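Peer 1: Keeping the supplied structure of chain A fixed, place chain B upon it in accordance with the hints.
Listed below, chain by chain, are the residues.
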Amino acid sequence: MIANYGYKDGSGEYFIGIDTDKCNGCGDCVPVCPAKVLEMVADQYDPLSDKIVAAVREEERKKIKYTCAPCKPASGRALLPCMLACAPGAIAHSW
Amino acid sequence: MAEIQEYWRWTEYSWHHPEMDWRQGKRIAAGIDVGSVSSQALVLVDGQIFAFSNLRTGSNSPDSANNAIKTALKDTGMEIKDLQYTVGTGYGRVNVPFANRAITEIACHARGANFMAGPKVRTVLDMGGQDCKAIHCDERGKVTNFLMNDKCAAGTGRGMEVMADLLSIPIKDIGDLSFQVDEEPQPVSSTCVVFAKSEALGLMRSGWSKNMVLAAYCSAMAHRVSLLLGRIGVEDQFFITGGIAKNPGIVKRLEQELGIQAVKSQHDSQIAGALGAGLFADTLLQKGAQ
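Going down the list, the protein sequences come from chains A and B.
Sequential numbering from 1 applies to the first sequence in our numbering.
Sequential numbering from 96 applies to the second sequence in our numbering.
Next comes chain A alone, as it looks inside the complex:
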């Protein structure tokens, strides 16, 4: 399942998509995020399974445009640490 966390407003669409089928629950993405946006939780959208997956923390979901901004400079943008850390490639950013 692809869980999209984020929002859309007048300035654009800001979603972090986590593919829970690809996510292996390793948790490598959690410490590399300088803003501590991610956490490991039981899959909320499949309540009957016990799988642990990465998710965007509840309190960050409505402001990720700003929280993620330091990793996304207008020029000279490097690859995002969360995406680099994810071996199965489960994390995607929409902007």
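Take the hints with a grain of salt, since some may be wrong.
Claimed, not checked - Listed below are the simulated DSSO-like cross-link pairs for lysine-lysine, each with C-alpha atoms no more than 27 Å apart in a straight line:
| no. | chain 1 | residue 1 | chain 2 | residue 2 |
| --- | --- | --- | --- | --- |
| 1 | A | K8 | B | K347 |
| 2 | B | K292 | A | K62 |
| 3 | A | K63 | A | K36 |
| 4 | B | K237 | A | K22 |
| 5 | A | K36 | A | K51 |
| 6 | A | K8 | B | K341 |
| 7 | A | K62 | B | K246 |
| 8 | A | K62 | B | K237 |
| 9 | B | K246 | B | K292 |
| 10 | B | K347 | B | K305 |
| 11 | B | K237 | A | K8 |
| 12 | A | K8 | B | K169 |
| 13 | A | K63 | B | K292 |
| 14 | B | K246 | A | K65 |
| 15 | A | K8 | B | K382 |
| 16 | A | K72 | B | K246 |
| 17 | B | K215 | B | K359 |
| 18 | A | K63 | B | K347 |
| 19 | A | K36 | B | K215 |
| 20 | B | K215 | A | K22 |
| 21 | B | K237 | A | K51 |
| 22 | A | K51 | B | K341 |
| 23 | B | K176 | B | K121 |
| 24 | A | K63 | A | K22 |
| 25 | B | K382 | B | K121 |
| 26 | A | K51 | A | K22 |
| 27 | B | K169 | B | K347 |
By construction, these hints were calculated from the structure, which means they are not laboratory data.
Bear in mind the structure is a predicted one, so any value in this text is a computation, not a measurement.
Peer 2: Frame of chain A, contents of chain B only:
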């Protein structure tokens, strides 16, 4: 002084199965959906819908949950202590005092839609009081992709309530009246509730009829949710849950824009969240949950 009328107010009601004898049932599961605007309670006996209620959420979530379940169980002889397993969902899911577990409303809406409209449903649009969710699910009602917009109330039931109040039109009439126009007007440019309100006032001042304003607002709202749906991809069959599903002004315009018809269901699709929660409670009971 004239009596103040609350144009936004919709009918609260409850329903219970006229013949089913719950005392014969082995599993009694309940789902409580405490939303931002409305609360539903639903009771399943052996996996069949036994009773439900649909009320307005008050300022206090635990009270709303209690009222909802009491209203659903009224005249049935069942009491809260007879419920074997209860799942809370929705905006106030952690505040349901008698719930055994809380499950996110996205999983519940998909599951509820799967039960109400059949396993062929792939796209579920939940237009709630304060947010709007587009959900893609598989044949078992399991979520495969979803998108939620809860940052702003544009394109939601709350926006409709504001419009009803502004134009002094009972909320249940909005959909039908929005079709009573000579020609479909341009959609309002803003679906933001605050901006749309001032835009509506401006249009009326320049001579638009109330029906024209409603038509313009409904089509703007339909367009907005169609964009949200576009991001996850719309697949037949398509089902709408939540209060806005009762507004033909939006549903028909959305169907036109998407080019597919929404599936109709026997019960009010506003209970889909509570139904999904009840179904999860029922499954957990079967798995031996206490």
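Peer 1: Hint by hint, say whether it matches the structure.
Peer 2: Do the hints match the structure? See the list:
1. A:K8 x B:K347: Distance ~24 Å between A:K8 and B:K347 Cα, so the pair holds.
2. B:K292 x A:K62: holds, 24 Å
3. A:K63 x A:K36: Measuring from Cα to Cα gives roughly 13 Å; hence the hint holds.
4. B:K237 x A:K22: holds, 16 Å
5. A:K36 x A:K51: Holds, at about 21 Å.
6. A:K8 x B:K341: Holds, at about 25 Å.
7. A:K62 x B:K246: holds, 6 Å
8. A:K62 x B:K237: holds, 25 Å
9. B:K246 x B:K292: Within the cut-off at roughly 18 Å; holds.
10. B:K347 x B:K305: holds, 19 Å
11. B:K237 x A:K8: Holds, at roughly 24 Å.
12. A:K8 x B:K169: violated, 42 Å
13. A:K63 x B:K292: Roughly 26 Å between the alpha carbons, so the hint for A:K63 and B:K292 holds.
14. B:K246 x A:K65: holds, 12 Å
15. A:K8 x B:K382: violated, 39 Å
16. A:K72 x B:K246: holds, 22 Å
17. B:K215 x B:K359: holds, 13 Å
18. A:K63 x B:K347: Answer violated: A:K63 to B:K347 is near 34 Å, above 27 Å.
19. A:K36 x B:K215: violated, 39 Å
20. B:K215 x A:K22: holds, 25 Å
21. B:K237 x A:K51: Within the cut-off at roughly 14 Å; holds.
22. A:K51 x B:K341: Roughly 37 Å separates the two Cα atoms, so the pair is violated.
23. B:K176 x B:K121: Answer holds: B:K176 to B:K121 is near 15 Å, not above 27 Å.
24. A:K63 x A:K22: holds, 25 Å
25. B:K382 x B:K121: holds, 14 Å
26. A:K51 x A:K22: Given pair A:K51, A:K22 holds - Cα atoms ~12 Å apart, limit 27 Å.
27. B:K169 x B:K347: violated, 35 Å
When each numbered hint is compared with the structure, violations occur for hints 12, 15, 18, 19, 22, 27.
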